[in-house]
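Protein chains in written order, with the numbering used here: chain A, 53 to 489; chain B, 53 to 489; chain C, 53 to 489.
Pairs count within a copy or across copies, as identical chains cannot be separated in the list.
Pairs of lysine-lysine, DSS-like flavour, derived with a Cα cap of 25 Å:
hint : residue 1 : residue 2
1    : Lys226    : Lys171
2    : Lys63     : Lys446
3    : Lys169    : Lys415
4    : Lys169    : Lys226
5    : Lys415    : Lys176
6    : Lys326    : Lys63
Read the hints as simulated data drawn from the structure, not as lab findings.
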Amino acid sequence: MPAYSTNMRLKFPILALTLEIITIILFAVFVVYDDGKHGGHGAHNTTHHEEETEQNPLTLYPMFQDVHVMIFIGFGFLMTFLKRYGFSSVGLNLLLAAFALQWGLLVQGLWHLDEGKIKVSIFKMINADFSTATVLISFGAVLGKTSPVQLLIMTLLEITIFGINEHLVAEVLKANDVGASMIIHAFGAYFGLAVARMLYRPALRNSHENDGSVYHSDLFAMIGTVFLWMFWPSFNSAIAEPGADQLMAVTNTYFSLAACVLSAYAVSSLVEHKGKLDMVHIQNATLAGGVAVGTCADMDIGPFGAMIIGFVAGIVSTLGFKFLTPILASNLGIQDTCGVHNLHGMPGILGGIAGIVAVALGKKNGSAAMQAAALASSLGFALVGGAITGLIMKLPFWGQPPDQNCFDDSIYWEVPEEEEGEESLAHGDHSMNKAEA
Amino acid sequence: MPAYSTNMRLKFPILALTLEIITIILFAVFVVYDDGKHGGHGAHNTTHHEEETEQNPLTLYPMFQDVHVMIFIGFGFLMTFLKRYGFSSVGLNLLLAAFALQWGLLVQGLWHLDEGKIKVSIFKMINADFSTATVLISFGAVLGKTSPVQLLIMTLLEITIFGINEHLVAEVLKANDVGASMIIHAFGAYFGLAVARMLYRPALRNSHENDGSVYHSDLFAMIGTVFLWMFWPSFNSAIAEPGADQLMAVTNTYFSLAACVLSAYAVSSLVEHKGKLDMVHIQNATLAGGVAVGTCADMDIGPFGAMIIGFVAGIVSTLGFKFLTPILASNLGIQDTCGVHNLHGMPGILGGIAGIVAVALGKKNGSAAMQAAALASSLGFALVGGAITGLIMKLPFWGQPPDQNCFDDSIYWEVPEEEEGEESLAHGDHSMNKAEA
Amino acid sequence: MPAYSTNMRLKFPILALTLEIITIILFAVFVVYDDGKHGGHGAHNTTHHEEETEQNPLTLYPMFQDVHVMIFIGFGFLMTFLKRYGFSSVGLNLLLAAFALQWGLLVQGLWHLDEGKIKVSIFKMINADFSTATVLISFGAVLGKTSPVQLLIMTLLEITIFGINEHLVAEVLKANDVGASMIIHAFGAYFGLAVARMLYRPALRNSHENDGSVYHSDLFAMIGTVFLWMFWPSFNSAIAEPGADQLMAVTNTYFSLAACVLSAYAVSSLVEHKGKLDMVHIQNATLAGGVAVGTCADMDIGPFGAMIIGFVAGIVSTLGFKFLTPILASNLGIQDTCGVHNLHGMPGILGGIAGIVAVALGKKNGSAAMQAAALASSLGFALVGGAITGLIMKLPFWGQPPDQNCFDDSIYWEVPEEEEGEESLAHGDHSMNKAEA
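Please work from the sequences and hints to get the whole structure.
And the structure:
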């Protein structure tokens with residue numbers, strides 16, 4: 053194991069400040085307020101939104117806030133399940149998303165300049181928040197094994213690559229993906245898995261003592277789960293056509309998630325020791341229905357169709373956590389901390405396939421071939437982009453944690469010290485505790 | 053004590069999957085998207101909503117999401133106060149509500165078929181979420197003493213009975229109950245109390261070591277309390293007539309809850325040792341104002357009228373927790389884990405009575421006699437339905453926990469094991485800990 | 053140290069009930085529902101809202117709920133960072149805010165009587181919630197060192213003084229302060245600091261053993277931080293002019309906060325030991341961008357202008373926590389428990405100054421001199437009002453805690469007892485623990 057320099061004192065502040073200053077300069081050049089007047093840039097699915105926006109520019113604001121909660125509370129707390137990694141989970145989630153939304157707005161906006169400017173509307177803010185989700189999903193795959201500097205670099209690169217693939221899927225292929233099963237969930241998952249493969253740590257093959265939960269960390273994670281679960285209908289419908297399509301997206305997601313809960317709980321009990329429920333499945337697989345119904349959310353598949361998708365997703369996801377994750381780690385060298393392959397990867401592909409079938413059956417205007425091309429493009433950009441990004445992140449001067457300090461906040465955070473004897477709530481400096489013991 | 057078979061491995065998955073598959077089939081037959089066109093089915097209070105909905109079918113969506121948060125975060129975390137029962141509280145809350153909302157939509161919809169179909173609108177989704185609240189309230193009464201299988205059976209039966217009573221109250225008696233003091237709160241509470249009476253466990257008369265809170269579990273519960281408190285104005289106004297009535301329902305609930313907080317805190321301090329505040333009162337009695345103002349929420353009782361209702365509810369509820377709950381347990385054999393009688397039962401009846409008085413005083417069109425009949429109907433269906441349901445749940449093959457394993461997640465959940473010595477956050481398998489100790 | 057009588061049994065209930073009863077009487081006399089008809093009272097910035105409100109009185113309701121969440125979850129959980137003071141933080145936050153919103157509605161409404169009445173609209177409810185924020189900010193300065201009785205007295209006085217200053221700033225000076233950098237944040241902070249100065253406790257100069265966090269209390273605090281961060285765009289835009297101005301306020305706040313996160317993280321790492329991040333900075337300084345952009349939020353400063361403000365605020369706030377707070381405590385006798393000077397005080401002044409500059413540059417109609425007068429007025433009322441209030445709170449019969457019981461819930465709350473040996477989650481009665489040890 054090389055002796056990484058994990059002191060962030062100079063490299064992290066310099067990188068963060070530089071990125072932010074460059075971003076502010078680019079904003080000064082390109083970004084203005086939305087004035088409601090738009091040139092004809094021919095984007096096929098923003099016209100109706102623009103019409104509505106002229107009347108009231110804040111129509112989508114409640115949807116935006118729901119998505120916002122999913123990004124910052126949902127993803128942030130979902131990852132607090134690790135016993136000693138809660139500060140990093142919710143804290144770095146905030147850092148990465150705050151940078152990603154700025155960068156995402158720029159990257160997405162540069163494809164659609166309007167009189168040479170990016171005009172910020174609530175619609176664009178929702179898309180900026182969406183782009184952060186890809187990074188947060190990938191973050192889940194490498195959780196506990198990367199430094200803040202590595203993660204900022206990943207954010208910069210992943211958002212950029214995401215922007216290219218999204219443009220290709222939406223504008224060139226003109227594929228449907230209203231809830232982003234393909235361009236966010238599958239993309240973010242396989243990007244993260246490719247990064248994780250590059251950062252493979254043989255020493256972590258035997259489970260790390262900190263790679264697990266404690267009772268209250270599992271409850272914190274449920275805050276994330278439940279907020280994600282509740283607001284997923286907003287995620288899948290926020291950028292749908294106003295009116296019937298948007299209502300359809302809400303309805304489909306609502307029922308898909310409800311059906312998914314039943315199948316995830318059932319399968320969890322079926323595969324676990326003595327029929328007990330496993331918190332990992334409950335925290336994650338109950339959400340697979342939201343992922344899998346994403347592409348089809350605004351298609352006329354019927355509420356029962358949405359429920360079938362959610363039902364299957366809950367089964368696939370739970371089985372993945374139980375049987376596939378260990379195989380990926382031991383046979384393929386992919387150490388997927390949060391199991392994003394099961395929550396976002398497979399359900400994302402399932403969603404993409406459901407979209408191909410639904411379009412082929414005429415549930416929505418479009419071309420099944422283009423849907424398939426969109427899925428392939430998302431997977432391709434994710435795997436290649438993630439592999440390259442992982443190689444860059446592997447360079448030895450980004451301050452990655454030594455194996456024994458993985459999954460431990462105290463390497464990058466001031467952690468409150470444990471009081472002696474009577475107080476064992478604070479974890480303090482873990483190694484110190486051991487020394488004391 | 054009979055030797056219950058608490059292994060859920062077959063019975064829980066089979067029941068959950070069967071229920072979900074039947075539900076999906078019924079959805080395939082009956083449930084379609086709302087197309088905005090409605091036949092004249094004569095329901096007295098949906099017409100205006102339908103008019104508004106034709107313009108924008110998502111007008112009620114922010115209100116829906118507020119109610120959604122109350123159901124899944126509010127009820128779920130409110131019950132995490134028990135020291136070793138947090139997984140079950142928030143986890144089974146999710147399971148039961150996910151099934152209940154599907155079943156509730158069917159049960160409620162079958163009374164109002166439109167061209168032979170149930171057309172899903174946001175309005176119907178709100179009502180589906182509402183129906184889940186009855187089950188979650190009853191869940192509170194039997195918390196810690198029931199298996200997931202028992203609870204799914206309770207959900208199935210309670211939602212069905214709720215649907216009958218709701219139809220009777222709203223369509224036959226044409227009573228006012230916009231915030232559902234009677235048909236949800238009083239119904240859910242007395243249904244749960246009747247079930248709890250049937251499931252009486254003499255061995256739990258002396259307090260169980262796990263039937264209490266620890267410091268952080270009380271803080272988790274406050275997440276539930278505060279979200280319920282904040283969004284209660286949405287609960288009471290979501291299905292009110294748009295416009296002035298809806299504003300009135302928001303306003304009355306806002307002020308009722310604010311007044312209730314002051315009286316609950318005051319009485320808590322008054323009745324406790326050395327004038328200290330008791331978390332049980334703060335977590336629960338502060339919400340009684342939302343329950344009690346429910347029936348009157350859209351009536352012209354004046355903001356100060358709403359405040360008086362909330363003020364009285366806060367007092368009644370706190371006194372109930374202090375003095376009545378022990379009596380119910382010791383004298384009537386009703387072991388009400390969460391004290392739902394104090395939060396939903398008595399305040400619900402108070403709300404029903406306030407509604408009778410307000411209608412008699414002409415604060416809203418209606419008949420005081422019909423209001424009284426609605427209250428009686430809700431209580432009657434609750435007590436009889438709850439008793440029958442409790443008898444069915446008592447059958448010895450549903451895997452109920454032995455007395456010594458009540459209030460303990462580890463009988464139905466994989467719970468993270470405690471690390472030896474240094475780490476006492478994880479509770480692990482409680483009995484194992486004891487063996488080790 | 054005088055022997056304070058900390059038993060609240062009579063004085064707290066009597067005060068709380070008296071205040072609530074007086075409030076209800078005043079509501080009966082003055083407060084009615086909004087009927088949408090308004091006389092010409094000449095308030096310069098409510099006209100457009102009234103027009104919109106006539107069409108749909110609930111247009112602002114989603115914004116109101118976002119602000120509501122900030123007040124009750126945001127402020128409440130932000131203060132739970134202390135290891136043994138979580139009940140008081142979230143519990144007293146609820147109590148004070150529930151009283152403050154009633155009192156604030158009266159105090160604000162009495163300046164704008166309409167036909168002799170206060171007509172409650174969602175707009176007025178937002179302003180009532182806003183007024184509570186001043187008290188909750190001041191509460192942060194004296195957190196852990198005051199009794200519930202003292203805090204109710206502070207609420208009563210602070211809201212009253214706030215109402216006078218707000219009227220002066222908005223109606224007499226006609227200054228811009230849409231996001232309330234001056235009239236809420238700077239006012240609340242300096243009011244609280246003045247109170248803290250009056251309540252100076254020399255015995256707490258050496259750090260108190262309970263004046264710090266443990267691992268999970270820091271995570272609870274992050275719930276508060278993230279909800280405040282997410283919904284701040286609603287706080288700063290809720291009472292802006294509908295349309296372009298409101299969108300601008302949302303946009304500016306969104307980007308200011310994002311930029312602030314990057315600079316706060318960078319500086320935290322720069323000033324801490326080994327470049328580690330400090331939770332105190334992350335929990336607080338990441339929010340300074342929302343405070344500082346408040347006054348300018350609806351001004352045409354450009355998204356990049358907002359980002360510069362946020363960027364600077366993140367730096368100033370973090371440096372304040374690191375270097376200024378210790379100096380205030382040791383040299384000026386101002387013991388600022390939560391560091392409100394760094395989160396609300398300095399960023400509030402920064403916001404006021406930014407507003408002066410922006411108005412001088414013509415980014416919004418107004419007078420730079422009046423903006424400056426508004427800032428001076430807010431600081432003046434805060435310091436003088438806070439000092440007087442602090443003197444009243446210092447009277448020895450309000451039950452303030454002895455020095456050794458500061459920052460400890462168990463003096464005013466029933467706290468669950470620790471189980472012996474196996475269970476160290478519950479803190480129980482702290483002194484008892486010590487006795488056992």
